[in-house]
Amino acid sequence: MKKTFIIGLSLGLWGWAACNRTNETPTPTDPDPSTDKIEVPQPSYFPNKVYDLSSNPVTSAGFQLGKSLFYDGILSRNGTIACGTCHQQAAAFTHHGHDLSHGIDDRIGARNAPAIQNLAWTKAFFWDGGVPHLDLFPIAPIENPVEMDEKLPNVLQKLRESKNPNYPELFKKAFGSPDITTERFSKALSQFMLLMVSNNSRYDIYLRGTTNALTTTEKEGLTIFKQKCSSCHSGELFTDQSYRNNGLSTDRNPDQGRFNVTQNPDDRFKFKVPSLRNLGYTAPYMHDGRFTSLEQVLEHYSKNIKQTPTLDGLLQQDGKLGIALTEEEKQKVIAFLKTLSDEQFVQDTRFSDPGFGHSF
Amino acid sequence: MKNILLYTTAVSLLILIQSCNSNPDPTERNSLTLTFDHRVGDKALTLGTDTYQNTSGEDFSVTTFNYFISNISLKNADGSTFVYPQDSSYFLVRETFPASKQITLKRIPAGDYTALTFTIGVDSLRNTMDLSRRKGVLDPGDVSHEGDGMYWSWNSGYIFLKIEGNSSKITPDPAGNQKFRYHIGGYGGYNAKTFNNLRTVTLPLGNIPAKVGPNQQPVITIVTDVSKLWDGVQKISLATTPTVMFSDYSTTVANNYAAMFRVSAVKE
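If you read the sequences in order, they're chains A and B. Read left to right, the first sequence gives residues 161 to 520 (the working numbering). Read left to right, the second sequence gives residues 12 to 279 (the working numbering).
Next comes chain B alone, as it looks inside the complex (with noise of 0.2 Å):
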């Protein structure tokens, strides 16, 4: 029993070995954050006490505020193009979770990054896996959908952005609530064609680029900014329109948060 157990460690160690062996040189990769930070306009985003105002003059302020951010790929200055593994590439920002807002990309290859590539949203390929390929933020019995459900249960898929909060400009609702509501999805129908929010985004990161080297590990900033969503592509008015959700008209708020990034810092 003893000897089965001491077989097994020795031939597990070795394993081990030879899969370390099999990599490449580990001082040739190394982390790179991704920090978000978000803003209304020039002002940070605080939930529930801040006001702010769109252009169309509506005050507003926000409760809720999560997003996914998913299928990361980085730009090499030699041309060639790094894609994170693509079973680890799926990540929820969430306003109420500061920690969410920080994503560490681990294991990078060396090089000069002069671009970052991401999906909004989850794709329309794991939205269709099974659930064994679902795990952590993609699990919707994860902890981290409790409350802030990032999932549509009746008609199955993830909500890409979820966006609460109320306005003075908003008709009362009959409990007299002034709320507007926005949760977008649809990643184009898993049998029936629908409307498809999913909307990849290229930040090109300047003149400076993020330099991943034995030991360097940089931090790009990425400013979200939430006034866009108003005042983007295409304007659109919370009085008007209150609540977004499983509707055509989501594809005009998915234009709009396709453009509410930009990279405001790139630290060594």
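Isolated chain A, as found in the complex (with noise of 0.2 Å):
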């Protein structure tokens, strides 16, 4: 009687025990990044990525809080200005109806604001290549008195105190634990930008092997663009990713470029070669936008060239400056550069103002 009595109450306990075990177990709290982890994608004809993601793996948590960040007033001083400010999808993320970016209490910046895309193959950034690392990168915008005007470690701060959106949760998720650092914050905004990878425009599908996707026309324009104007616009990036000075007039301008970073005279007024991809929705054009279509730009390349000390060699050959191309051969290329307009870039949702309601 005894006996059965403490089994049972042994058995008893065993299954109370081992029922509360089971209640009990399953509250990890810290994100796996190995479950979370999201590709950045890798098209074929791509070449390989510069960005080391095994130091900075994009995972779902980190990508959202990301994209919190970049669609948050909160990073500038008054909270009126976004990263999407200026980086407006719609406008492959440019920011459409400015020559030069417009920041806070409507001062003006100093050049166009460019594309956000294909990040992970990006080599430097700006026009002028001044900041090397993709991570490095937002302090620039947001410490730039005509862009956001805010110190970095204040942002901080302010994130660290947000509720609405709830800032440290969202740390919390994408780092395990809800302490607010410089690395956790610039990698979570590299983690978003990295997964913007534009790569299906008509061209790409070209490419993939629907050799229907682009027209004759724009087919011809493609040989011709190919003769003419890949040297720099080179690789289906559309870019060499170097510094050149493409014969703008420096009249209007005073703006040396990649001279301001290196001090080497030989790249006054070089600008990085920028991609030509979605270049269909990012007019103006130019560093400084100045040309508002792409018959005016290519106006330039075959007739306006101005010589200056530092213009590019490709751009002056056989003694003549310039591109040599017939109005016909222009529109065809024309043509072929609206196929790398990439219409689902430009709309998908993952990449969308969350509405917060700051980014006009």
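If you're looking for bench data, these hints aren't it; they were derived computationally from the structure. Quantities reported herein were computed from a predicted structural model and do not represent experimental measurements. Among these hints, one or two may not hold up.
DMTMM-like, lysine to aspartate or glutamate: derived pairs with alpha carbons at most 20 Å apart [what the hints assert, rightly or not]:
#1 A/K209 / B/D141
#2 B/K146 / A/E343
#3 A/K311 / B/D153
#4 A/K466 / A/D411
#5 A/K318 / B/D150
#6 B/K173 / B/D153
#7 A/K318 / B/D153
#8 A/K379 / A/E488
#9 A/K318 / B/E157
#10 A/K311 / B/E279
#11 A/K209 / A/D364
#12 B/K112 / B/E279
#13 B/K204 / A/D426
#14 A/K388 / A/E488
#15 A/K283 / B/D141
#16 B/K146 / A/D339
#17 B/K173 / B/D70
#18 B/K112 / B/E69
#19 A/K311 / B/E157
#20 A/K311 / B/D159
Using the hints, build the complex out of the two chains.
Here you go:
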């Protein structure tokens, strides 16, 4: 009797303990990056990525946090300017309708906001390449007095105190604890932007084997483009990522571009060769947004190249300035360039404004 | 659950004890302190109020004075050199923050040290490292950078030395200010060669070595003479050159700041 009671009691206790254990176990709060991980696509015809993803693997929680930060005016001094203000999705993440970027208190920047796309392949940032790593990028617009005019330590402090959205909670989801540091802040923004891969234009579909994705005119444009433009706008990213003086008149703009970064006189008036992907959405063109149409751009390259000491050698061959292009060739090249527009990319809701109302 | 906790604690304790054991006898190590004494010639530096004069006869006052000290090493009388652990060897000295003018180097092996070497600025390798390797004063989001920003964001890199102030000899700007601003950095460039304003300074400690021992924690006082910025290797005029930032001329300032340090005292 006594024995049975003891056995019964122990069985009961065991059962209770076992039950309790099963109820108790599943409470790990730290994210497991291995299950949450998102691969950054690697299109077969792109070169290898330059961003070391092992130093900052993209996770879904990190991406969501980065997206929140990207579209939040809290990054600026008075809460009015978000990254998404000057990098609007519908304009392939450029500032639609602005030749020069438009920042806090209606201040005007010095250059045209560049597109955000395929950053995992980008070697250096800004028109002058002043920032060599994506993680070092966000502090620049934050602390630029004509963009967000804020101090990074202050941004981090505001995020620590934020309840809507609850940033400490979002950082905990992304990085395992609510600590908000420069590294986590920057890397979350990188995670969001690294996933912005644009490779679904009609041209990409053509590259992937659908030969009728381009019309005859567009294919002829591609042939002319390869002969006359692809020395600089090379490869499937449509840039060799070099810095060149493309013969713009320097009278109207004293910006010396790459020279500001290197102080090398050979770099005066050189700017980074931009990718041409999505250029159907990114008007106006050039580092100072001086041309409003592709017709003006091609007109510049064929007829208006200005001779200056650092003018690119490719624009002054056989004693002639510029690139010889007939009117018909220009139209065909433009037809081809428009096939680089990636409609899926500019409509992809993963990259869209979640609606803080701060990025006009 | 409790058992796991106990076990983890026990294991951690064991590891902790083990790691303590694996180090050399702790009594053989002690701290050594570097104290920076900011002066202008023979006067103490006081921000804002006091006025000084350079040998070109230009008056000036100083409102901001910051610089990075890194990569510290000590030469022992026995000929060996002790290199302070690199990851811990970055210090931002700021006149407005007196505690930053005292650098306490911990766990220095016992020895008689006869010379001190450090870099002014942040070495090129650290300038290009992942953000995970840039903590404390190297973190541009650290509070020490607020207001005193010692980092260039538009052309990624640390500012090695920043000095600002006023002089009646400077032509007023449109706002009527007569300010000078020297922001000196430049580590040689990331993917294109640029000027390099890193300077390594070696200071002999004189006749009395800094003795580190079980009961000896020496203090080395280093005078940082601001006047050497203008009256250094090459004379610089405030009136002619009130602003020096990211330009080739900054190397002239760097050559001058390389010579602005001297040891004034070694105390046991």
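Here's how the hints hold up against the structure:
Distance hint between A/K209 and B/D141 is fulfilled; the C-alpha atoms sit about 17 Å from each other, no more than 20 Å. Distance hint between B/K146 and A/E343 is fulfilled; the C-alpha atoms sit about 9 Å from each other, no more than 20 Å. Note on A/K311 and B/D153: the hinted pairing holds, with a Cα-Cα distance of about 10 Å set against a maximum of 20 Å. For the proposed pair A/K466 and A/D411, the alpha carbon gap of about 10 Å is at most 20 Å, so the pair holds.
Between A/K318 and B/D150 the alpha-carbon distance is near 17 Å, which keeps this suggested pair within the 20 Å criterion. Of the pairs offered as hints, the one joining B/K173 and B/D153 holds, with about 17 Å between alpha carbons and a cut-off of 20 Å not exceeded. The hinted pair formed by A/K318 and B/D153 meets the criterion: a straight-line CA distance of about 14 Å does not exceed 20 Å. A hinted pair counts as satisfied when its Cα atoms are at most 20 Å apart, and A/K379 with A/E488 qualifies at roughly 14 Å.
Annotation: proposed proximity of A/K318 to B/E157 holds, straight-line Cα distance about 14 Å (limit 20 Å). The hinted pair formed by A/K311 and B/E279 fails the criterion: a straight-line CA distance of about 42 Å is larger than 20 Å. Using a Cα cut-off of 20 Å, the hinted pair A/K209 and A/D364 holds, with the two alpha carbons roughly 18 Å apart. As the CA atoms of B/K112 and B/E279 are separated by approximately 19 Å, the hinted pair is consistent with the 20 Å bound.
Between B/K204 and A/D426 the CA atoms are separated by roughly 12 Å; this keeps the pair inside 20 Å, and the hint holds. A threshold of 20 Å between alpha carbons decides the hint, and for A/K388 with A/E488 the separation of about 14 Å falls inside it, so the pair holds. Taking the CA atoms of A/K283 and B/D141, the gap is about 15 Å. The hint holds against a cut of 20 Å. As the CA atoms of B/K146 and A/D339 are separated by approximately 14 Å, the hinted pair is consistent with the 20 Å bound.
For the hint pairing B/K173 with B/D70, the CA-to-CA distance comes to about 19 Å; that is within 20 Å, so the pair holds. At most 20 Å may separate the alpha-carbon atoms for a hinted pair to count; B/K112 and B/E69 exceed this at roughly 27 Å. Proposed proximity of A/K311 and B/E157 is supported: the alpha carbons are some 6 Å apart, at most 20 Å. The suggested pairing of A/K311 with B/D159 holds, with an alpha-carbon distance near 10 Å, which does not exceed 20 Å.
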